[in-house]
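Asks: So the protein lines, in turn, are chains S and L. Just so we're aligned: 314 in my numbering is position 314 of the first sequence, and the numbers increase by one with no gaps anywhere. Just so we're aligned: 182 in my numbering is position 182 of the second sequence, and the numbers increase by one with no gaps anywhere.
A couple of the hints might just be wrong.
To be verified - Computed spacing ranges between beta-carbons, pair by pair:
#, chain 1, residue 1, chain 2, residue 2, range
1, S, Glu58, L, Ile62, 56 to 62 Å
2, L, His288, S, Thr34, 57 to 63 Å
3, S, Glu282, L, Asn249, 45 to 51 Å
4, S, Glu371, L, Pro137, 57 to 63 Å
5, S, Leu284, L, Arg254, 48 to 54 Å
Hints were generated in silico from the structure; no laboratory data involved. All of these numbers come straight from a predicted model, not from anything done at the bench. Backbone N, C-alpha and C fix where the C-beta goes; we use that ideal spot for every residue, glycine too.
Protein chains: 2
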Amino acid sequence: MAAKTSKDIRNESRFMVLRTVYARHTVTRAQISTETGLSAATVTTLVGELVEEGVLREAGQISSQGGRPTATFQANPRRGTLLAVDVAETYVRVDLFDLSLARLGQERVELALGTQSIESIAELIGDAIGTLLERHPEVEGTVLGAGISLPGQVDPVRGVDVFAPNWGWHEVPLMEALERAVPVPVRIDNPLMALATGELWFGAGRRFRHFVAVNLGTGVGAGIILDGQLLRGPGNSAGEWGHTTLVWNGRACRCGRTGCVEAYVGVEGIRATLAEVDADHELLAVRHHRDFIERLMRAEVAGDAPAREALSRTGDYLAAGIGNLVNLLNPEHVSVLGWITRFAGYDLHDRVRARIAEECLPGPSSTVSIEFTEADGEGVSLGMAVLALEGFLEQVGLPSPSSPPAPAAAEDPGAGPRAGWAVPHRGTSSRAARR
Amino acid sequence: MAAKTSKDIRNESRFMVLRTVYARHTVTRAQISTETGLSAATVTTLVGELVEEGVLREAGQISSQGGRPTATFQANPRRGTLLAVDVAETYVRVDLFDLSLARLGQERVELALGTQSIESIAELIGDAIGTLLERHPEVEGTVLGAGISLPGQVDPVRGVDVFAPNWGWHEVPLMEALERAVPVPVRIDNPLMALATGELWFGAGRRFRHFVAVNLGTGVGAGIILDGQLLRGPGNSAGEWGHTTLVWNGRACRCGRTGCVEAYVGVEGIRATLAEVDADHELLAVRHHRDFIERLMRAEVAGDAPAREALSRTGDYLAAGIGNLVNLLNPEHVSVLGWITRFAGYDLHDRVRARIAEECLPGPSSTVSIEFTEADGEGVSLGMAVLALEGFLEQVGLPSPSSPPAPAAAEDPGAGPRAGWAVPHRGTSSRAARR
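Using the sequences plus the hints, can you model the full thing?
Replies: Structure, rendered in structure tokens:
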């Protein structure tokens, strides 16, 4: 069992500096020091390294009467670009970001229902990236890396999708096909880790060290952040709250177990609850997940009693599921995220708020805050862009502690050397070699 | 949000040195270095500090042909003694340890059924300590500290028992009464944290960085160890696995919720399951918890079908509850501890083993090991002795990272200055002042 090293501390400090810059856009060294608690000397060193690498740039100067002017810093959008790929069960979306994490463009492809192979997915990703980059000739040669989110239990260390029930994937090797299709350094992860990374960088992570980011969608999960770091576990599958038993001998879940949280608060769970309330409800025929949830909400607002009852019961299940997390982990905070909150956030929040005290023990209940975030549905892309950024920083010798491990290289490099999307930078190789 | 400091690293390294010494009894610096991965220079410094403080002592020398003799070290039993107090719902037990954590003596008082006040408990503790020390006049003046485990949600920072359902305690301040009765520095915690601390120092913590220590008894809980540290949470209530919902709308739990894990795998849960199988079973009349479990096991061995069925169902509930922990936390290992394992460990283990793969997702299931430890029922005492030791080390300026925070001092010191149990040591005050 190895102790933390001073390198770990340095990486954690670097992460705090970067997060402050990205969250506040333009900052002085003194502001970074105040916000992070790091010493002025440490901030000066870390900012200096990041400027040398071109990740940050001086943005201007602030003068105050009688004092020396102070430099301000920001992320350097000209340093390069990042690709974020969100592979969901019904679509593949590619977003192009600059290094200040401003979104430059987007390409989206709908997926046919039914199973997919990693080869077909990789091909779609490669085509979508090609289309997107053709529309943005100005970024040619600047892409520094790609973060690719895939459904299921993704193990970035082994480069494998351990289990993706919708496509029947078991232990599917991912890297060879992805690296053939995407000729820049690739980071893989699952949507839950992506969302939680975004929340750690830009959301509750700025205020809390111990919190849980609950993701509601077709699948559900809980990103667990302890002591300022995302809990991954040895197989990167920590957070599978959606597959913990809430209802003994309950509904069949697509994971093969029964009574899982997901079978009650995931979209198909909400549908099953509506069917229990009214087996003939017309919305049961709406197969598309977002349409179903959006129309359910509209029905509820219009006074549809079964819709109201289904949402109310969903809130009860959700409160109990969140209560389990609060009792087990005693977090400071729970953020509820995911596209469902855009449609149903208010109603679920009200119901959860009404129930949560009953579901939590008095101690943890009295100190936890619970917040529903009306997500814009783009959290996965942003999170994967951050993971791609972390991958790039690691490559140039400036890692963050929350970085996922680099994926195992495919055994057969296949498509040969990585071609022409990434632009080298003066400092890169020397720094990487130095460390 | 503060970053880790080099002091944190030093504390963690010190903990690893101490744990190696305590686990291996007599070691050379080189062995400590090999086992911990710390550099020879770091080990030399840390061992030197601990020797200076009298916590470790040179035990002898090992000579090898042609080489210089090498010093061996061990914990110094003559440095002082520690008291470990286990306040359970049916007894108060006090153990006396020397600083090598050898048990020197024990005093046990049975508690009457019914509620207790902290004043009555503190008086019992004080009396038991007095009796024990009278029997051991040789340790007069050597007691360095006491670790006191109390039932329920104990918050060591505020010095409060937030919630202890059996005695109807809500927000009961503990420190004034305890400090009046026990005139040495007091550390408080709950049995779950004590057991998990013992497992971290002497059990699975030596092999794993991410693991869960499940405690089965009258109450049940799960000590969560992540990255080599016990998860406490801001209110010290992390690990209340016993009060997570396993059975929606299930049995009433003594915490006030329904369907909690504890209501199925705690002793009263097992009794309720037996009653469901056979409402007239003769063992239902056995109120004493250990007697009930012991006789249930004997009945099962003798071929009693309802006893067998009740234990089998308990194993199913336990497997699902452990499966929830595995899916949510992706630990490397689960240790199942607690006095129930002494009686029912084999049977529960077999049943859990038969079910666990069905209860876990394929990824985390393939990497986790699950071990039932036939506990001797003294784990809480040992854990509280370790917590008292950590408190003493912190006091003399040699803290460990897993130390719980020092309790808030009682507002009214009451009994005046702490009398005569602790012996000062040459290095103590100077070192404490220096840091």
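Asks: Under the constraints set out in the numbered hints, which ones does this structure not fulfil?
Replies: 3, 5
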